[in-house]
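Trainee: Work out the full structure, taking the sequences as your base and the hints as a guide.
Residue numbers (the UniProt record's numbering), protein chains in the order written: chain R, 1 to 234; chain P, 1 to 344.
If you are wondering where the hints come from, they were derived from the structure by calculation, not from laboratory data.
Hints are supplied without guarantee of correctness; some may be wrong.
[What the hints assert, rightly or not] Derived contacts from chain R toward chain P, CB cut-off under 10 Å, selection only:
| # | residue |
| --- | --- |
| 1 | LEU47 |
| 2 | GLU142 |
| 3 | ARG213 |
| 4 | HIS216 |
None of the values given here were measured: they were computed from a predicted structure.
Heads up, the beta-carbon is just placed ideally off N, CA and C, and yes, glycines get one too.
Okay, here's what each chain looks like letter by letter:
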Amino acid sequence: MSWSEMSPLLSQACWDTLYMVGWSTLIAVVGGLPLGILLVLTDRGGLLQNVVANKVLGQVVNVARSMPFIILMVALMTFTRWITGTTIGREAAIVPLAIGAIPFFARLVETSVREVDGGLVEAVQSMGGNTWTIVRKVLVPESLPSLIAGTTTTIVALIGYSAMAGTVGAGGLGDIAIRYGYQRFETELMWITVAILAVVISLIQFAGDFAARSLHGRGGRSGPAPKLRLLKAK
Amino acid sequence: MITTTGLTKVYRSRGREVTALDGVDLHVREGEVYGVIGQSGAGKSSLIRCVNLLERPTSGTVTVAGQDLTALAGRGPRAGKELRQARSRIGMVFQHFNLLSSRTVQDNVELPLEILGKSGKERSRKALELLDLVGLADKAKAYPAQLSGGQKQRVGIARALAGDPKVLLSDEATSALDPETTRSILQLLRDLNRQLGLTVLLITHEMDVVKSICDSAALMENGRIVESGTVSELLATPGSQLASALFPVAGEATGDDRTVVDVTFHGEAATQPVISQLSRTYNIDISILGAAIDTVGGLQVGRMRIELPGRYEDNVVPIGFLREQGLQIDVVGQEPVLLVEGAK
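Mentor: Pasting the structure below:
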């Protein structure tokens, strides 16, 4: 296969991958951020303590997290058709990708938000701040470097999942590697795909690390306080 | 300004109950600096957190500036609007400063004003004014991580003052600082108390804090207040633990048949040559085991530990003489006898 034959295939595949990963990351962040924050707030001793809600949310997240992606994709077909009108193509792949990534990202958000010093929450409470103020002015900004690192991890994981999306005719780099590289013995094309993926992942990781670090550059924590559990609003 | 009555806080976890506060009655007058001192676990932290209801008392009431906060709290676990408004009028500073690392110094001071819904212009005017007041005008654009501990606490104080509070709560504000910085922060609190008429309730485990800035103090043990009053009242109370901790004099008796007496002078009595009078009148030899003069709560106070020959029974008359001179006399190791005498 010559370069002139490969080049349009590859550029289309790259575009498909970016399209799927881009949209599903966006949806995962929009859905996973509030979910992760809710997991912290509803926990025992949290600002919105609600043990039942916390257990239910936690269980849903756990089940969705432990589901192999390829099975999730098949299991969600009816839902996907209801949303996009089809089960084939890159739009159809976005649905299971996003749904798989929401609980993944939510757990990362939960860990990041838990790291925020409980003393800061208490300080804002003592100023008369409500829960929403605490989320907006303390929990999210203070965990931002860590949230960005979590987003980077999610994007990289989604690139991995998107390779499987080739199985529903979504295209993308993973699909090229399987159809051409594996099924047609186009070893050269497969290696180029691998190289492109390696470069893309490195770039994303680099950009994510850079963003997280530049935010952290404003300084670490404001005091030597141990990281406490979030204090309950009284 | 701050009154608590019968304040009780019981923590329950896994079937165990821990009583952190056991019927605390506290009364802080307007414009004074009131120190609550006690060891870790005495309940100081629970007490100060109950004052702005960060910690909800199990029973009892808290009144700040005439407003019954416990009544505002409502029944749910979350703070309602009225309680949040009341909190915004009570400043609080913390041991570990609790500044947001993601915000500059100025933005940290502006935070309470954002919560109060002030405009951007008003916020930055007020924040810069407060930073000037605490001596950090040049650090407005710095991040907390770039400041020293003392500077961070100054930012914490500026932030606590942003809502123009009448009351400032200080939760071990100097416990994470070195002695030199502690002094400067205490001085700042004292100045603010005088300039702004701010009522300050502070908790601490350091006697020096009480000694240098408090008008009144209370000693907490096992969730109860065991002693309280203005510093001069405490110093005038025989056998007061706080008074002897505020102003310790050392020295052991040199033998069994000796009586050790702590003599506290303040006011006019300090100018009388009582010890030599005592010696001449009763013809006894007096040894001085220890003595000190210090300023406690703005008052000059002297204390001396002297030793008289003979047992307490032999020295009832000389000790009576000292009492007649208007001095405060504590016979070391003789509290029960004092009580019996008081009963007569």
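Trainee: The hint names R/LEU47 as touching chain P; please verify it with the least Cβ-Cβ distance against 10 Å.
Mentor: At 8 Å from the nearest chain P Cβ, R/LEU47 passes the 10 Å test, so the hint holds.
Trainee: Holds or violated: the hint that R/ARG213 contacts chain P, with Cβ atoms closer than 10 Å.
Mentor: 14 Å, violated
Trainee: Tell me if R/GLU142 is really an interface residue toward chain P, meaning its C-beta lies closer than 10 Å to one of theirs.
Mentor: OK, holds: R/GLU142 within 10 Å of chain P, min 5 Å.
Trainee: Tell me if the interface restraint on R/HIS216 is satisfied: Cβ within less than 10 Å of some Cβ in chain P.
Mentor: 9 Å, holds
Hint 3 from the earlier list is the only one contradicted by this structure; the remaining hints agree with it.
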